[in-house]
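The primary structure of each chain is shown beneath.
Protein chains: 2
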Amino acid sequence: MSEWSCYTGSAPQQLGVVWEVLWHLSSYRTNFQILVRTRELNWRPSSSQSKSLQTEPPPKKVCVLLVLFNEKISGAEGTKLDEDFMEMERKIEVTNKSVFDLLSKTTEYLQPNPASRAKLNMLNTVSKIRGQVKTTGYPQTEGLLGDCMLRYGHELGQESVFGGSLVDMGEAMRQMADVKDSLDINVKQNFIDPLQHLQDKDLKEITHHLKKLEGRRLDFDYKKKRQGKIPDEEIQQAVEKFEESKELAERSMFNFLENDVEQVSQLSALIEAAVDYHRQSCEILEELSGKLHKRMSTASCRPKREFKSKSIRSRIETLDNSQHNGLSYSSSLKSTGTAAISLSVCWLKLHCLL
Amino acid sequence: MSEWSCYTGSAPQQLGVVWEVLWHLSSYRTNFQILVRTRELNWRPSSSQSKSLQTEPPPKKVCVLLVLFNEKISGAEGTKLDEDFMEMERKIEVTNKSVFDLLSKTTEYLQPNPASRAKLNMLNTVSKIRGQVKTTGYPQTEGLLGDCMLRYGHELGQESVFGGSLVDMGEAMRQMADVKDSLDINVKQNFIDPLQHLQDKDLKEITHHLKKLEGRRLDFDYKKKRQGKIPDEEIQQAVEKFEESKELAERSMFNFLENDVEQVSQLSALIEAAVDYHRQSCEILEELSGKLHKRMSTASCRPKREFKSKSIRSRIETLDNSQHNGLSYSSSLKSTGTAAISLSVCWLKLHCLL
Chain A
365 MSEWSCYTGS
375 APQQLGVVWE
385 VLWHLSSYRT
395 NFQILVRTRE
405 LNWRPSSSQS
415 KSLQTEPPPK
425 KVCVLLVLFN
435 EKISGAEGTK
445 LDEDFMEMER
455 KIEVTNKSVF
465 DLLSKTTEYL
475 QPNPASRAKL
485 NMLNTVSKIR
495 GQVKTTGYPQ
505 TEGLLGDCML
515 RYGHELGQES
525 VFGGSLVDMG
535 EAMRQMADVK
545 DSLDINVKQN
555 FIDPLQHLQD
565 KDLKEITHHL
575 KKLEGRRLDF
585 DYKKKRQGKI
595 PDEEIQQAVE
605 KFEESKELAE
615 RSMFNFLEND
625 VEQVSQLSAL
635 IEAAVDYHRQ
645 SCEILEELSG
655 KLHKRMSTAS
665 CRPKREFKSK
675 SIRSRIETLD
685 NSQHNGLSYS
695 SSLKSTGTAA
705 ISLSVCWLKL
715 HCLL
Chain B
365 MSEWSCYTGS
375 APQQLGVVWE
385 VLWHLSSYRT
395 NFQILVRTRE
405 LNWRPSSSQS
415 KSLQTEPPPK
425 KVCVLLVLFN
435 EKISGAEGTK
445 LDEDFMEMER
455 KIEVTNKSVF
465 DLLSKTTEYL
475 QPNPASRAKL
485 NMLNTVSKIR
495 GQVKTTGYPQ
505 TEGLLGDCML
515 RYGHELGQES
525 VFGGSLVDMG
535 EAMRQMADVK
545 DSLDINVKQN
555 FIDPLQHLQD
565 KDLKEITHHL
575 KKLEGRRLDF
585 DYKKKRQGKI
595 PDEEIQQAVE
605 KFEESKELAE
615 RSMFNFLEND
625 VEQVSQLSAL
635 IEAAVDYHRQ
645 SCEILEELSG
655 KLHKRMSTAS
665 CRPKREFKSK
675 SIRSRIETLD
685 NSQHNGLSYS
695 SSLKSTGTAA
705 ISLSVCWLKL
715 HCLL
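If you read the sequences in order, they're chains A and B.
Each residue of the first sequence is one higher than the one before, counting from 365 in this note's numbering.
Each residue of the second sequence is one higher than the one before, counting from 365 in this note's numbering.
Bound-form chain A, shown alone:
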């Protein structure tokens, strides 16, 4: 068995299979990129290559892939890094996931209605495309409740205790909606945006270093296996590159984790925003509560009105006398013709509607 074919069992004809399997086996994004590269390479042994497969090694990138495949499938171990490094790597992975989840869960916390979130996203995208800077906020349920209260309150009128109270409460609910808007803006600026920046810059950079390190590790492992068959300088070079990459990745992880108080200050910003929101809401509601209690006590002090029903008979008689008996009915008699026309019009409209 040739030296390199040991990595794949039955040689690279199975590469198509290999990348499919890797795709499903791999849990790391790193692998995905490698897989994509395999596709880009589109490496197929030519007939001459097929013959020389037993003697010549395949291209370097494919070798790296085969080392990885061997590790994944047969459980062969590559060069392992020290435990401190691995622990840092784990923490970075957890932080990465946590930031991703915190971003989505905080957005849900601010606006639990997915339809509203989707609509706002769309609106903001549209305004971005149109070059409008101002972005719209979420529709607040407090505001919707407040609008409905104001509408009915005004319809009932201020002389009604319930109507007046609805107006008071509607106005307070609108204020609450404004306070909620401030919370949204505050959290977006002081929590979501910094966290997004962390994800897009710091964490992305670290992930990049780790990916590069993994590539150099695989290259080193491949060369190390061929010790004695390739010049020692090549192995030496691979070690140096590996070492260099390791230090870079380690330093970036160390710095990030050492400054994790930064993320705590972002959590703190989220809390401060929420405290402000709840405190202001509380103040608005307490003031409103006072108003309503005043309205209620005024209403209870008010002298009770007596129920007096106006007689229909007297009303009918008055009307009859003023209109002369039957006059109003003769008018409806006259309008019968019009009624028939109205009927046909309605009928036509109905057909248009249905």
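Think of the hints as simulated: they come from the structure by calculation, not from any bench.
Heads up, the beta-carbon is just placed ideally off N, CA and C, and yes, glycines get one too.
Be aware that one or more of the hints could be misleading.
[Stated by the list, open to error] Below, a list of computed lysine-lysine pairs in the PhoX-like style, where the Cα atoms sit at most 25 Å apart:
#1 672(B) to 565(A)
#2 436(A) to 455(A)
#3 674(B) to 568(A)
#4 568(B) to 593(B)
#5 469(A) to 568(B)
#6 674(A) to 655(B)
#7 674(B) to 605(A)
#8 668(B) to 455(A)
#9 658(A) to 672(B)
[Stated by the list, open to error] Anything over 12 Å on all C-beta distances counts as not near chain B; from chain A, calculated:
#10 447
#11 486
#12 489
#13 490
#14 494
#15 542
#16 545
#17 576
#18 614
#19 675
Place chain B on chain A using the hints.
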């Protein structure tokens, strides 16, 4: 033209049309019931009736309908009630609508996610069918955010400042979710349920009285138009019934509107529940804020750790010496057979998955 045909123009052959038009024209629920009654009556003139149409009046219920139709189409005015009554009727209608809207908008305020609302409704229906008394609450976004924080906090570990802070905050968010649960239960018991009761009992009763009154008014108007052709006692009876119904409806509306402070106390209950919620949330968050600031100040006082990278070369050499050169690789050589088997197994699994 006979006396009664004036109400329809071309006589009751058009009754099918009449009820269709009424259905679309009418904006009041009352009319719907009358329309349904028309269908129940299914009144069609028989051939003998067709001949006698010019001389005999149609059944009483149909007459009432025709009066209504005449009023709707030709704008003929029936007996109008006094303005105080009409104002009360308007207020009752506004109250009716406001209660309906307040119920739905408050539910949206408590849980803006329609999917969660639908799910909860379904769950509660299922538990009712199964005879389980306990009802489930809404999933709170605070709780979901808290759970996510707790999970990642524990994964990062307490020695990490960010990890510890996430655990602190996760616990606080869970408490916030409990406070939100209390708000939901409180609002349900002290606002939604009483308002629902108001809608299902008091307002329904008033609507019933008003419907009955409308029926009696139509009956009276019909009889009044036939004055001189029917015994005066019949008209007298119709007036009495009309009067009786009017007083009943008026009294029920008067009592309801006079006690509208009742609805204000329900609004007040909603406010108190919201105040409690915001106050408690505020307290939880303020305590949490203190904890995080303490963590941050401790972290900033902590002596800075120096970055020390462990050399790979020394590690590799140590490993190589302990394993004898190449031993670990010969094991991977041996496992090539197994790798081929693993590959086939994976492949099979893949096919099952896809």
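Given pair status - residue 568(B), residue 469(A), alpha carbons within 25 Å | 43 Å, violated
Against chain B, does residue 490(A) keep a CB gap of more than 12 Å to every residue?
-> Label holds. Min Cβ-Cβ 23 Å, cutoff 12 Å.
Residue 568(B) and residue 593(B): Cα distance at most 25 Å?
-> 38 Å, violated
Classify the label on residue 576(A) as holds or violated, using whether its beta-carbon is more than 12 Å from each beta-carbon of chain B.
-> Its Cβ never comes within 12 Å of chain B, the nearest being 14 Å, so this holds.
Far enough from chain B: is every CB of that chain over 12 Å from the CB of residue 447(A)?
-> 10 Å, violated
Just checking, residue 614(A) versus chain B, shortest CB gap more than 12 Å?
-> 5 Å, violated
Hint consistency between residue 674(A) and residue 655(B) [alpha-carbon to alpha-carbon, up to 25 Å] | 69 Å, violated
Report holds if the minimum CB distance from residue 494(A) to chain B is greater than 12 Å, and violated otherwise.
-> Residue 494(A) is indeed farther than 12 Å from all Cβ atoms of chain B, at 28 Å.
Take a quick look at whether residue 658(A) and residue 672(B) sit within 25 Å of each other, Cα to Cα.
-> 70 Å, violated
Are the Cα atoms of residue 674(B) and residue 568(A) separated by 25 Å or less?
-> Roughly 23 Å between the alpha carbons, so the hint for residue 674(B) and residue 568(A) holds.
Nearest-CB test (12 Å) between chain B and residue 489(A) = 22 Å, holds
Distance rule for residue 486(A), whose beta carbon must clear each one in chain B by more than 12 Å | 18 Å, holds
Figure legend: structure checked against the earlier numbered hints; hints not met, in rising order: 4, 5, 6, 9, 10, 18 and 19.
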